[in-house]
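J.: Using the sequences and the hints, build the whole thing.
Taking my numbering, the leading residue of the sequence shown gets 1, the next gets one more, and so forth.
These aren't lab readings, by the way, just hints derived from the structure by calculation. Honestly, I wouldn't trust all of these hints.
Just the calculated beta-carbon pair ranges, DEER-fashion [claimed, not checked]: (1) Arg61 / Gly161: 40 to 50 Å; (2) Arg71 / Arg255: 50 to 60 Å; (3) Gly161 / Leu256: 21 to 31 Å; (4) Arg65 / Pro123: 37 to 47 Å; (5) Thr87 / Arg257: 35 to 45 Å; (6) Val132 / Arg71: 11 to 21 Å; (7) Val132 / Ala43: 33 to 43 Å; (8) Pro41 / Leu256: 40 to 50 Å; (9) Gly54 / Glu33: 18 to 28 Å; (10) Gly213 / Thr87: 29 to 39 Å; (11) Gln112 / Gly213: 21 to 31 Å.
Ideal Cβ placement from N, Cα and C applies to all residues, glycine included.
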Amino acid sequence: MPRTSEPGRSVSSRLLEILFAFRAEQSDLSLTELAHETGIPLATVRRLVLELVGAGALERRSDGRYSVGLRLWQLGTLAPLTESLRTLARPFMEDLSTALRQHVQLAVLEGQQAVVIERLSAPKAVGLVSQVGGRLPLHCSGVGKVLLSHSGADLIENVLGGRLPRHTSRTVVDPDLLRSQIAACRRTGTATVRGELTEDADSVATRIVDGNGRVVAALSVVVRSGSVKHQAALPSVVAGGLGISRQLGWRPGIRLRED
1 MPRTSEPGRS
11 VSSRLLEILF
21 AFRAEQSDLS
31 LTELAHETGI
41 PLATVRRLVL
51 ELVGAGALER
61 RSDGRYSVGL
71 RLWQLGTLAP
81 LTESLRTLAR
91 PFMEDLSTAL
101 RQHVQLAVLE
111 GQQAVVIERL
121 SAPKAVGLVS
131 QVGGRLPLHC
141 SGVGKVLLSH
151 SGADLIENVL
161 GGRLPRHTSR
171 TVVDPDLLRS
181 QIAACRRTGT
191 ATVRGELTED
201 ADSVATRIVD
211 GNGRVVAALS
221 VVVRSGSVKH
231 QAALPSVVAG
241 GLGISRQLGW
251 RPGIRLRED
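T.: Here it is as structure tokens:
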């Protein structure tokens, strides 16, 4: 539990702790839950939450729980990387969704996780554990492996040297095998995951590169296991990634940056 009640912590840091307690998988919280999540005393949480409600950053629901307010959501849409990526990627994602009738998602790296910033889903597509705004592990998701393979050596070693949760019986948790997969992904720009995060879901992913040669995002199609041949989906996913990369200024001949 974060020790945000320790002496010397500023009011602004405590306000941020409260706001960051809200996540895709817990989009509404009570005062007691906020106190538990942040480690801030309940009386202080109550006072700060009232200030956030007054500013429009949080909203109080009819059941007494709190959720992100409209003004905070509007502020989030101004984030230049995610918003420009979503806008540029949307047509390519729509084409993939129309052609394959599966989940198509766009993710970026944040810390030691991948964050889904956009997703298009067909009505009968396989159920997934994440949603837009949700986080995916780097070691066992398609977009995660792409982002991890193109990150710095320090991050790779931190992830592989830490705890690697096994989500299904097929999750790869052997660091040596993961290093081999990462090397292959860095070479090809693609990753294929078979039932590692969700038992009956496979993923085919590719990198998105900007005009400076930096891998800034990953694009993937998530399919029900056995419903689509990976090699059949891969060319379309790669073409979509290249198209988005061109919109970001990438051209053939621009070398990938070694971070």
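J.: Now tell me, hint by hint, if it's right for this structure.
T.: Evaluated hints:
1. Arg61 / Gly161: 40 to 50 Å: holds (42 Å)
2. Arg71 / Arg255: 50 to 60 Å: violated (42 Å)
3. Gly161 / Leu256: 21 to 31 Å: Given about 24 Å between the Cβ atoms, the range holds.
4. Arg65 / Pro123: 37 to 47 Å: Since Arg65 and Pro123 have Cβ atoms about 30 Å apart, the given range 37 to 47 Å is violated.
5. Thr87 / Arg257: 35 to 45 Å: violated (24 Å)
6. Val132 / Arg71: 11 to 21 Å: Roughly 20 Å apart at Cβ, these two residues keep to the hinted range, so it holds.
7. Val132 / Ala43: 33 to 43 Å: For Val132 and Ala43 the Cβ distance comes to about 34 Å; the hint holds.
8. Pro41 / Leu256: 40 to 50 Å: Holds: the Cβ-Cβ distance is about 49 Å, inside 40 to 50 Å.
9. Gly54 / Glu33: 18 to 28 Å: holds (20 Å)
10. Gly213 / Thr87: 29 to 39 Å: 22 Å Cβ-Cβ, so the 29 to 39 Å window is violated.
11. Gln112 / Gly213: 21 to 31 Å: holds (23 Å)
Checked against the numbered hints given earlier, the structure breaks hints 2, 4, 5 and 10 and satisfies all the rest.
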